[in-house]
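If you read the protein sequences in the order shown, they are chains A and W. Everything in the first sequence is counted per my numbering, starting at -19 for the first residue and increasing by one. Everything in the second sequence is counted per my numbering, starting at 334 for the first residue and increasing by one.
Keep in mind that a hint or two might mislead.
[Claimed, not checked] Keeping only pairs whose Cα atoms sit at most 30 angstroms apart, straight-line, the calculated DSS-like set for lysine-lysine is:
| # | chain 1 | residue 1 | chain 2 | residue 2 |
| --- | --- | --- | --- | --- |
| 1 | A | Lys20 | A | Lys172 |
| 2 | W | Lys525 | W | Lys643 |
| 3 | A | Lys177 | A | Lys155 |
| 4 | W | Lys643 | A | Lys63 |
| 5 | W | Lys516 | W | Lys345 |
| 6 | W | Lys525 | A | Lys25 |
| 7 | A | Lys172 | A | Lys25 |
| 8 | W | Lys345 | A | Lys63 |
| 9 | A | Lys25 | W | Lys345 |
| 10 | W | Lys643 | W | Lys345 |
| 11 | A | Lys20 | A | Lys177 |
| 12 | A | Lys172 | A | Lys155 |
No lab work stands behind these hints, which were simulated from the structure alone.
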Amino acid sequence: MPEQHIYGFIGPNGAGKTTLFSMIAGALQPSAGRIRSHGKDVTGKRPFSLVRAGIARTHQVVRPFRAMTVLENVQLAVHFGRKNITNTAAARDHARQVLAWVGLDRVADTLAANISLGDQKRLEVARALATDPELLLCDEICGGLTRNETRSMLDLLQRIRQQGATIMYVEHDVKAIMAVCDHVMVLNYGEKLAEGKPEEIQNDPAVIEAYLGKAGSKKRGRSVA
Amino acid sequence: MSTAVYVPSRIKSRIRMLLPWLLLVVLAVLPIAGLTPNLIRLFFITFVWVTTSLGWNLLGGFTGQVSFGFAVFYGLGAYTAALMIDRGVNPYLSFLAAGLVPGLASFLIGLPTFRLRGPYFAIATIGVSEATRVIMNNLEITGGASGYRIMEHVPFRQVEHYYTALGMAALAVAASLLIVHSKFGMALRAIKQDEEAAADLGVNPYANKLAIHAVAAIFTGVAGGVFARYAAFINPQGVFAFQTSVYILLMPVIGGIGTVWGAVLGGVVFGMVEEQLVANFPQIHLLLYGALLILIILVEPDGIAGLLGKIFRRLRIPGRKDDGADSGSRKADEVLRRTAGG
């Protein structure tokens, strides 16, 4: 996988997108195959050691530490991420910078339980980002967001890439994927169906079939592009 | 703020920072000011309980790992100190050992049991605790079930015990505050809320649980040791009893789980009323604890500290409605955190 790219993953429900992420992030163990990072085998490593190896993830269903403030949520990630900062004041300063960068500074001192879903989604990204990852796994970060929120989230993804991180991005919203990804992989029943640039994927007959059914029936109402 | 008297917040926080020191000074002066031996004894016991309460709170309150097995640490600490002091070792050196032995034992217990989650962990700790009691009941060198008497060949000075216990409790408060406001403490709070999410941000839940378990065991063990020297007689049915585990768990729950000053408050309340309860209701005092526990869980899960936090808020902001999303625990935590000056 090339670096500093946004790699998109799409596929129908149950195609194995989240499972793939969970295996890379160490939450699930693959039954076969290996996962390599910079040529090093990281298969079967625990999530916390993968974070230190530069792999961080967000969760499809948000999991903020609700009894902590937004700032504390990010501060934790600064403490235990690749930067491994022990000093609390330094970590808090760095966390503030991250929050300002992702645009959450206005709710920094609010409890994570009390911010909107859009902000909680953004907090997922902010936390993962605060661990200073080389590879960021974003799982449905736009799910349930309004159009405006989605747009600004996609902006954020592109800014993260510009900072030098590689992003693996799973989303149901095909439009969102096509808009930001440099490279797209289509999964179906746990297998790779197609892979290529967004424009190539949109016209791939196998992809159209998986999404729309054999005849490419228009009644299914969901268009690939 | 609608308070009538305006106090600059910096001065306010200075005052808050000073409060614990003031308390310490008052407690240090009390015996000189002529406290009766009976009250000195009561304070001594209270300091011991406060220390165990703080220890349990680190694991149960901050990290969310409810253990019913702290009598093991208390008892091991008591017996370690007893055996050493009886053989003429310096008592303070013995107290160090009384912390060290349970600290090491905590790893033996934690390594397998922290593979379990929630209620399964709690049940496993009951098993370990009961097994330890049975073993101690049958161990020859400690006198088995008939207990162990400590012969110390120095005159008994009650005030020395008082200051020892006070110093220990103060150290436990200081250590708790340091831990809570550190990187380590932050990891513990995260683990309590969502272990997997914490791991996804680089926290190793297993290692952090083991570490705080050891710290909690050291607190509890030293408290056991200090108690044993004062009591001069210990037996497995006392220090290793399941009842002891329940007492140690009950205090932070009464006071306010997950806050340092809540745990202190719980220890104080328990220490002060326990004897009265045992004396006045010998048959049903355990029943009263059970009822109290249920009442707290149902009515005020954040204990006395949570209740005080709510009352303070009401007084400070009259007429402001309680917003439902904000739980009492967090309020209490905020209030207490501010009081702690952190």
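Results of checking the hints against the structure:
Taken as a hint, the A/Lys20 and A/Lys172 pair is honoured in the structure, with Cα atoms around 23 angstroms apart against an allowance of 30 angstroms. A threshold of 30 angstroms between alpha carbons decides the hint, and for W/Lys525 with W/Lys643 the separation of about 23 angstroms falls inside it, so the pair holds. Annotation: proposed proximity of A/Lys177 to A/Lys155 holds, straight-line Cα distance about 14 angstroms (limit 30 angstroms). Restraint check for W/Lys643 and A/Lys63: not satisfied, since their Cα atoms lie roughly 39 angstroms apart, outside the 30 angstroms limit.
Pair hint W/Lys516 plus W/Lys345 holds up; C-alpha atoms about 26 angstroms apart against a cutoff of 30 angstroms. Between W/Lys525 and A/Lys25 the CA atoms are separated by roughly 23 angstroms; this keeps the pair inside 30 angstroms, and the hint holds. Simply put, A/Lys172 and A/Lys25 have alpha-carbon atoms about 24 angstroms apart, close enough for the 30 angstroms limit, and the pair holds. For the suggested pair W/Lys345 and A/Lys63, the alpha carbons sit about 36 angstroms apart, so the restraint of at most 30 angstroms is broken.
This hinted pair does not check out: A/Lys25 and W/Lys345 have alpha carbons roughly 49 angstroms apart, beyond 30 angstroms. Note on W/Lys643 and W/Lys345: the hinted pairing holds, with a Cα-Cα distance of about 19 angstroms set against a maximum of 30 angstroms. At roughly 27 angstroms between alpha-carbon atoms, A/Lys20 and A/Lys177 fall within 30 angstroms of each other, so this suggested pair holds. Simply put, A/Lys172 and A/Lys155 have alpha-carbon atoms about 20 angstroms apart, close enough for the 30 angstroms limit, and the pair holds.
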